[in-house]
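Novice: Note that the protein sequences, when read in sequence, are chains A and B.
Everything in the first sequence is counted per my numbering, starting at 1 for the first residue and increasing by one.
Everything in the second sequence is counted per my numbering, starting at 1 for the first residue and increasing by one.
I should point out that these hints are in silico values taken from the structure, not numbers from a laboratory.
Among these hints, one or two may not hold up.
[What the hints assert, rightly or not] DSSO-like cross-link-like pairs, simulated, lysine-lysine; straight-line CA separation at most 30 Å:
1) 121(A) - 471(B)
2) 121(A) - 444(B)
3) 17(B) - 191(B)
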Amino acid sequence: MWTGILIAVLVLLGLALVFGGLLGFASERFRVEGNPLVEQIDALLPQTQCGQCGFPGCRPYAESIASGDAINKCPPGGESTIKALADLLDVEPQPLDAEHGVEQARRVAVIREDECIGCTKCIQACPVDAILGAAKHMHTVIESECTGCDLCVEPCPVDCIDMITIEPDIRSWVWTPPTSGIIATDRQEASA
Amino acid sequence: MTQLWDFSGGVHPAEHKQLSTGRPIRTAGIPSQLVLPLQQHIGEPAEPLVAVGDHVLKGQKIADVSHGMGLPVHAPTSGIVASIGDYPVPHPSGMADKCIVLKPDGKDEWCERYPLSDYRKLDRNEVLGIIHSAGVAGMGGAGFPTDIKLKPSRDRKVDTLILNGAECEPYITADDMTMRERADKVVAGLKVMAWILRPERCVIGIEDNKPEAAAALREATQGTKIEIAVIPTKYPSGGEKQLIRILTGMEVPSGGIPADIGVMCQNIGTAVAVAQAVFEGTPLIRRIVTLTGAALETPGNFDVLLGTPVQYLLDQAGLQPDNVSRLILGGPMMGYTLTTTAVPVIKTSNCIIAATASELPAPPPEQACIRCGQCAEACPMELLPQQLFWHAKAEEFEKAEHLNLFDCIECGACSYVCPSSIPLVQYYRYAKGEIRLQRAEQLKADRARERFEARQQRLEREQLEKDQRRKERAKAAAEAQAKKKADAEKAAANGEVVDERAARSALVEQALARKKASTNAARIQPADKPEAATLAEPAPEEPDIQALEKQFTQAQTKLETMQAMLEDAKAQQADNLDKLERAVAKNHDRVKRAEDALTEARRMLAPQPEARSETQPIK
Numbered sequence: 001m002w003t004g005i006l007i008a009v010l011v012l013l014g015l016a017l018v019f020g021g022l023l024g025f026a027s028e029r030f031r032v033e034g035n036p037l038v039e040q041i042d043a044l045l046p047q048t049q050c051g052q053c054g055f056p057g058c059r060p061y062a063e064s065i066a067s068g069d070a071i072n073k074c075p076p077g078g079e080s081t082i083k084a085l086a087d088l089l090d091v092e093p094q095p096l097d098a099e100h101g102v103e104q105a106r107r108v109a110v111i112r113e114d115e116c117i118g119c120t121k122c123i124q125a126c127p128v129d130a131i132l133g134a135a136k137h138m139h140t141v142i143e144s145e146c147t148g149c150d151l152c153v154e155p156c157p158v159d160c161i162d163m164i165t166i167e168p169d170i171r172s173w174v175w176t177p178p179t180s181g182i183i184a185t186d187r188q189e190a191s192a
Numbered sequence: 001m002t003q004l005w006d007f008s009g010g011v012h013p014a015e016h017k018q019l020s021t022g023r024p025i026r027t028a029g030i031p032s033q034l035v036l037p038l039q040q041h042i043g044e045p046a047e048p049l050v051a052v053g054d055h056v057l058k059g060q061k062i063a064d065v066s067h068g069m070g071l072p073v074h075a076p077t078s079g080i081v082a083s084i085g086d087y088p089v090p091h092p093s094g095m096a097d098k099c100i101v102l103k104p105d106g107k108d109e110w111c112e113r114y115p116l117s118d119y120r121k122l123d124r125n126e127v128l129g130i131i132h133s134a135g136v137a138g139m140g141g142a143g144f145p146t147d148i149k150l151k152p153s154r155d156r157k158v159d160t161l162i163l164n165g166a167e168c169e170p171y172i173t174a175d176d177m178t179m180r181e182r183a184d185k186v187v188a189g190l191k192v193m194a195w196i197l198r199p200e201r202c203v204i205g206i207e208d209n210k211p212e213a214a215a216a217l218r219e220a221t222q223g224t225k226i227e228i229a230v231i232p233t234k235y236p237s238g239g240e241k242q243l244i245r246i247l248t249g250m251e252v253p254s255g256g257i258p259a260d261i262g263v264m265c266q267n268i269g270t271a272v273a274v275a276q277a278v279f280e281g282t283p284l285i286r287r288i289v290t291l292t293g294a295a296l297e298t299p300g301n302f303d304v305l306l307g308t309p310v311q312y313l314l315d316q317a318g319l320q321p322d323n324v325s326r327l328i329l330g331g332p333m334m335g336y337t338l339t340t341t342a343v344p345v346i347k348t349s350n351c352i353i354a355a356t357a358s359e360l361p362a363p364p365p366e367q368a369c370i371r372c373g374q375c376a377e378a379c380p381m382e383l384l385p386q387q388l389f390w391h392a393k394a395e396e397f398e399k400a401e402h403l404n405l406f407d408c409i410e411c412g413a414c415s416y417v418c419p420s421s422i423p424l425v426q427y428y429r430y431a432k433g434e435i436r437l438q439r440a441e442q443l444k445a446d447r448a449r450e451r452f453e454a455r456q457q458r459l460e461r462e463q464l465e466k467d468q469r470r471k472e473r474a475k476a477a478a479e480a481q482a483k484k485k486a487d488a489e490k491a492a493a494n495g496e497v498v499d500e501r502a503a504r505s506a507l508v509e510q511a512l513a514r515k516k517a518s519t520n521a522a523r524i525q526p527a528d529k530p531e532a533a534t535l536a537e538p539a540p541e542e543p544d545i546q547a548l549e550k551q552f553t554q555a556q557t558k559l560e561t562m563q564a565m566l567e568d569a570k571a572q573q574a575d576n577l578d579k580l581e582r583a584v585a586k587n588h589d590r591v592k593r594a595e596d597a598l599t600e601a602r603r604m605l606a607p608q609p610e611a612r613s614e615t616q617p618i619k
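For reference, chain A alone in the conformation it holds in the complex (with noise of 0.2 Å):
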């Protein structure tokens, strides 16, 4: 009796071993380097890089949320971006969080050529190298680049930064939904 209990003590150490053996192995030999949530966070952020978050660009917010921060402080990406985050980390999406500012349309930066003085001040703000422009020469913006990020307004010692809203057009005008039709008694007693 003794002899069975000690063979099936020894048999299941032995596949512990094993199987020890092989798990350590594999996490050595197929290491996946840095982390990869990270990676899908950051995948979901708008990449507007404003620094609204409070860290300075996305990434290193993603690196913040993906060691436990909250998903509400990301203003640009908005209300889809917080849904598709607590998707992800399958956690209850929240609303907003206002201290960080408020969910706006996309907006791009121009600057009013005429009044600018050339001092390359918003140029080293640019998170994303979209203005161009040398020292005491007149600076643009390529607004195919610009992601709306605002601050380039705030160094401007002319104030020659104009922050506009994009307005659709009938290049990016898509469908609506359609408007969900109230059901036959309701209709009956708006029209009563």
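For chain A, the structure is supplied; the task is to place chain B on it using the hints.
Specialist: What follows is chain B alone, placed relative to chain A:
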């Protein structure tokens, strides 16, 4: 007899075609104003080549594309460019876009044309060039530039060329009437396209509700290898993918184009446009438009100049303004409601329906989906409309995409059969639009991330370079120091004073010692004075009263001169006033400091001699 296949699904809506086939094609004439949108198809908008006030001739190129995919725009008649700006264009959004407005002069004067008698002598690319510069676009749906479509990539050989004469959507008869009345032009255009593509098979597919058109084409194709295939009437057999299925039995792969399976579809109107471009040298400046609906007195087909406002056409067809409840551009299944009659006819406008309230009643309210599955039976693309609807409504676009939302051809068969009158297609269009927007945003975000990371790297690199340079400088300085030190040591070892600095510091020390000695001597001289006692003691930290007094008087004189200068400058209104004022203030400080130092020194120096300080009051 051509072998035919069937496609799954489809519906049989009431045709209402006889409304507009009773009269021959009429020419609409020249309206008082033509509005020509610069973008009439997918691709890039054209850029105007004319300015306001220019006189243009009929057929003259007035806008062209410099880059990207696009087509030129031509003047439909001679006249003067009245304006270039934003005007309402035919678009489901009802928005305005850039247009050229032409005021016709009534002369209808042609520019020079270069008709070709024998296109076969030319290179195929030259003929394609003619088609491009004539501005020919697909006149059925999206308006894809025909020259690009006729030039599939080298690895895709087109075996079957199909001319789409199915015209399956109710009400529309533009292609039907074109085939009846202009069969020779249709066939001529088809021959040009066949010569370019060299297909093995050339078929014209016509629904069996157009026997006159089929007969006319049979006659026109006598003696050629072109097949006429009469297909059963079923909506949407005129859909490109459906017609290919009917005529070849093949299926266009999801996300692919017909050229992937060696097939190409062309529209009847496009064939006519190609024939006119090649044989007459005429650009695409007019098209056949069906004007139909119960609110028109004389519905029918019109040969219309592009840019003609819809209102002008409605008047020609005898619009009864009191009866019309809805204006639709396109067919009743796939068209959209017009919000204004000021929009012009463009290359892709095939039909205008002026419907009365009883003809096209307002859609009944949407009710809940009862999962009857009729939509899935009707779907010609074999999709799952019900599931797509749930996902689109719940904004689960990813799931909708997994169910091949983008294969939906938006034919409206599902909405047509839905017993709950759910506007299904509208949901799909919305979902497609949102997905496209999200993709565009994702693309933009990716680019922003790339740029941000590149910038971070650049800043890091610059910082590193700066540090490197600083380190190098520090190292160089340290080396120089070390060298000097070594030299000095060597010199010391040799017993020579080579080091200039050492020599100079020695000199300074000597001078200091001399000065100290002399001051001590001066102090000792008045030996009867009480200070002598204190001075006798060794007092190295004892302040030098004389020096301080001297400093004080010096500072005072300097201040006085500065003040004088300031007065002068003020009198002369000089522009360096503020500088001088600063200098004066600085000198005031200096005087004050000197004074303080002097008093301090006196206080320290005179523990007992109050009498002296009384006899020499400090000013």
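Novice: Please go over all the hints and tell whether each is borne out by the structure.
Specialist: Going through the hints against the structure:
1. For the hint pairing residue 121(A) with residue 471(B), the CA-to-CA distance comes to about 28 Å; that is within 30 Å, so the pair holds.
2. At most 30 Å may separate the alpha-carbon atoms for a hinted pair to count; residue 121(A) and residue 444(B) meet this at roughly 25 Å.
3. Annotation: proposed proximity of residue 17(B) to residue 191(B) holds, straight-line Cα distance about 29 Å (limit 30 Å).
Hint check: no violations occur; every hint is consistent with the structure.
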